[in-house]
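A.B. asks: Residue numbers (my numbering), protein chains in the order written: chain A, 6 to 446; chain B, 6 to 446.
Misleading hints may appear alongside valid ones.
Note that the list lumps identical chains together, so a pair holds whenever it fits in one copy or between two copies.
Claimed, not checked - Here are the simulated lysine-lysine pairs, DSS-like style, with alpha carbons at most 30 Å apart:
#1 K8 with K242
#2 K8 with K194
#3 K92 with K194
#4 K11 with K345
#5 K75 with K371
#6 K345 with K250
#7 K342 with K371
#8 K250 with K30
#9 K197 with K26
If you are wondering where the hints come from, they were derived from the structure by calculation, not from laboratory data.
Protein chains: 2
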Amino acid sequence: MSKRQKVVIIGAGFGGLWAAKALSKQDVDVVVIDRSNHHVFQPLLYQVATAVLSPGEIAQPIRRILHSSKNIEVVLGEAVDVDTANKEVVLGDGVRVRFDYLIIAAGARHSYFGHDEWETAAPGLKTLDDAVEIRRRVLLAFEMAERDAYLQGRERQLNFVVVGGGPTGVELAGAIADIARQALAKDFKAIKTANARVVLFEGSDRILGTFAPDLSDSAKHQLEDIGVEVQLNSFVKEIEPGRVKVGDDWIDCDVVVWATGVAASSLGKRLGVEIDKAGRVLVEPDLSIKSCNDIFVIGDMASIKQADGTPVPGVSPAAMQMGEHTAANILADIAGKARKPFEYNDKGTMATIGRSKAIAEIRGFKFRGFVAWLMWLFLHVFFLIGFKNRLAVMTDWFWAYLTRERSARLITGKAEHMHDAIEFMQAARKRTERPKSKTAV
Amino acid sequence: MSKRQKVVIIGAGFGGLWAAKALSKQDVDVVVIDRSNHHVFQPLLYQVATAVLSPGEIAQPIRRILHSSKNIEVVLGEAVDVDTANKEVVLGDGVRVRFDYLIIAAGARHSYFGHDEWETAAPGLKTLDDAVEIRRRVLLAFEMAERDAYLQGRERQLNFVVVGGGPTGVELAGAIADIARQALAKDFKAIKTANARVVLFEGSDRILGTFAPDLSDSAKHQLEDIGVEVQLNSFVKEIEPGRVKVGDDWIDCDVVVWATGVAASSLGKRLGVEIDKAGRVLVEPDLSIKSCNDIFVIGDMASIKQADGTPVPGVSPAAMQMGEHTAANILADIAGKARKPFEYNDKGTMATIGRSKAIAEIRGFKFRGFVAWLMWLFLHVFFLIGFKNRLAVMTDWFWAYLTRERSARLITGKAEHMHDAIEFMQAARKRTERPKSKTAV
C-alpha cells in the first residue's frame, strides 16, 4: 500500500475551491493555500464596487466553506515559488509545503500593458479590496462635487471613465450610470448626480467581443439607453491622476477604472514551462504541465484550446470545470486508472449591463434586455444562495430593485487615506480649473 | 423679519444626528459636517470588531438618513477650527462655513494617557475603520497560529489582551472569548481555538464602575464563566508590539485592544473656554459655551453636571438628549422664547457581556444574566431597526445565535497591509521563541 497522497491547491477562487470540494472526504490530504481568508463570488464584485452589495454579501471565509471537510486544511499564505524537483511550494516567508500533487489556481489580474504605474490612478477590479477602493473613489467623487457646489458655488462636470469593454467594464459602466441616475439622485442636494458622465473606452470595434456581433450591438444600445457613452476603436495611451489620454486628446476624469488586459499570476513563470504573452501556462490536455505531470495549472492561469481550436475562455464556469476535472484525474491516478483530457462544456455566457438590462448567448440562442437580465439574476442568485445559504443578498437586491436604495454605500478606509484621496482629487482638478478665492457661504 | 438662520452641526454621531433630526423641516438651514460619510451605531461596533456583524449592518450613509430633510445639507469634511469672532467653521482645506448657530458634536476617542505611541500596538474602538482593523488582527492571530501549528508543528498559546473594564472592554473581551469557544472552534483543525486566553485588565477594583457594586461582581463572574480572565487593580504600564507590561511583568500577547481613557475631540481646545483634563468643554446649563452663547457643545465633548452633582455620563442616550435639547433651544431662540437648561433623563444603563450574558440597572432595578441580555438585545434591535429599517441584522443575529456561525468573518485590507501584519506578528513573536529550522511538512 502506498501512503496517503497529499494534494496542495494554490488559490481558492472558483478553480481551486471547486477542486477542493471535489476532493472533500476522499482518501487524500488536501491543503488549500490562499493569500486572503475568503473566497469571493467574483461575478458580483462590480456590485460591491458600485455600493449595491456589501463585501460580506459576496464573500465567505474559505475555512467556513470547507469546515466540514475533515481531510482539507486551509492555510493563509502567499505561494511565491514552486520547487518542482523537490515537489514543494515555497511561501512568502520561506516556509515550504511538500506535495504529491499540486493544483495551481492563482488566477489573473488586469494587465496594464507595461504601464504598471497607471494602477494607482486607474485601479482594476479583481479582489474585494479593489472593489472597496473603487467604491470609495466613486462615492468620494460625488461627495467632493457636492461639497464644491454647496460650499463654493462651483458646479462642475463629474466624469467617470471605464477602460475596456469586456464584461467587467460593461457591468461597471452600467452600474455607475445606474447609481448616478437613481440611487444617489435624491440624496445629493447641490448637484444633479444624473448629470455625471460615464464613458466606456473600448480599443476594438465592438464591446463584449466574445459574443455574437448583434448581441454586442444590442449591449451598446442598452448601455447608451442608461446614459453611458460608448467609444469604440479608442485606445487609452496615457493615464495621469485626473485625466486619460485617448488618441491625441486628454480627457479629464474624477475616477478611472481599468478593466482590460489579462496578466496571469507570476507563479506560472516559476514553473520552467512555456507561457503565453499573458503569462498563462500552456498546459497538456489533462491540464498538467509538460515537465511534471503531478503539477496542474487551471483557471485563468491555464492556456488550452477546445476541440474547435478556440481557446477555453477565462470565465468562472471554465475554472470550476477545470477544478473538478483535475480532482477527478488525481483520484484516477491514485486508483491506478487513466487520466482523461479536459473538455470545456460551454453552457452559455451572459453579461449584465444595468438594472433590467443584459445579453445572453446559450447554445446558439440569443437573449437581450429584460429577459436576459432575469436569466442572469436567477442564475447568480441561485449560485450565491448555494454558496452562502442566506437570503441577505436577495433581500438586498429585491429591496434595491423596488426602492432604488443602496444599503452598502459606506466610504471606509483610514481617515488619512480619505484625506489623501481628497487631496489627490483636488490636485488633479486644479490643473483644469482656474483658482477661485475661498469664500464662506 | 430677520433672515433665515443657519445652523451648522459638526459630527453626525448620536448627538449631531439627533440634533439634525430635530431641526428637520423647521424654518432653518442646517449643514451637517462629518469626516466620514456614514453614521455608525456605536453600541454594536464591538460586534464588527469580533466578526459577528458586517460594517454595512451597523452603519448608514448620513445623506441617506437625512435625505428627506430638504433643509439639511450634508458635507464631507473635517472641521479643524472655529472662528468664534466671525462665526465661521474652518475645514481642513481652509474652506470656511459661516454659521448663526453652531452645534459641536465631534465626540471623543480613547486617551493613551500621554502614550499615543501605543496606539499602533493597541488600537482603540471608536470608528468603523477601528473595528475592521481589530477584526483583522483577531482573525489573523488565529490564522497565524493555525499556520504555525499545521505547517511547522509548533503549537503555541494565543493571548488576547483587552485594556480597560468599561462597557467596551467588557463587550470586546466577552465577544472574543465567545468566538474562540464557539464560532471559530470547528473551522480550525490544527489548533484548539477554545484554548485561546482572553485577559481583561482593569486599573480599579471593579469592572463596569458606573454600575452598582453587586452588578460589577455579577459581570465579573459572567465574564469568568465564558473563560475571560479578569485582572483588577492592574495598570498597564507599557505596550510594545506583542507584549504588555502590567505591574512589573511583561505579558506576551497576539492582539491588544485599548478600551480605556477618554480624549474629547481637540476642537474643544480651539474655543478659548475652560476644558477638563479629558479635553471636554465645561458648558453652561443650556450646553452653550461661556464666550458665545450661539455655540453649543454636546455629547462626549461636553462636561456638565446633573442636579445631584454627578456628571452626565458619556453614553449615547445622553448625547441624543443633548442633541434634541439643543435643537429645541435654538428654535426657541429664533422664536424669541427663553432657552431651557439641559436635564439628563437617565432611563437606565446596560452592558452586555457575551451571548446570553449582560447586566442592567434601570431606575434602581437590577437585572443580570439572560434576562438582562434579552432586554439589551431587544432594545438594540429596536433602535437598529428604527435606524436601518431592515431585517438583515436580526437575521444575522438570530442565525448566529442558532448556529453559532459567523457570516462577517473577512480579513480585508490591501495585501501589503496583511503582510505587514503577518511580519509584525512574527517579529513580535520571535523575541519570545527560540528559532526553529523551517521544515516542510
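A.B. asks: Hint by hint, say whether it matches the structure.
C.D. replies: Checked hints:
1. In this homomeric assembly, K8 and K242 never come within 30 Å of each other (Cα to Cα): the closest approach is 56 Å inside a single copy and 54 Å across copies.
2. Taking the closest pair of Cα atoms, K8 and K194 come within 30 Å of each other only across two copies (21 Å); inside a single copy the shortest separation is 69 Å, beyond that limit.
3. For the homomeric pair K92 and K194, the shortest alpha-carbon distance between copies (24 Å) is at most 30 Å, but the shortest distance inside one copy (62 Å) is not.
4. Taking the shortest Cα distances, K11 and K345 sit within 30 Å of each other inside one copy (21 Å), while across copies they are farther apart (75 Å).
5. In this homomeric assembly, K75 and K371 never come within 30 Å of each other (Cα to Cα): the closest approach is 44 Å inside a single copy and 46 Å across copies.
6. Proximity of K345 and K250 under a CA criterion of 30 Å is satisfied in neither setting, with 49 Å inside one chain copy and 61 Å between copies.
7. For the homomeric pair K342 and K371, neither the shortest alpha-carbon distance inside one copy (41 Å) nor that between copies (71 Å) is at most 30 Å.
8. Proximity of K250 and K30 under a CA criterion of 30 Å is satisfied in neither setting, with 54 Å inside one chain copy and 47 Å between copies.
9. When the C-alpha separation of K197 and K26 is checked against a cutoff of 30 Å, the pair qualifies only between copies, where the shortest distance is 24 Å, while the shortest distance within a copy is 48 Å.
Hint compliance for this structure: hints 1, 5, 6, 7 and 8 are not met, and every other hint is.
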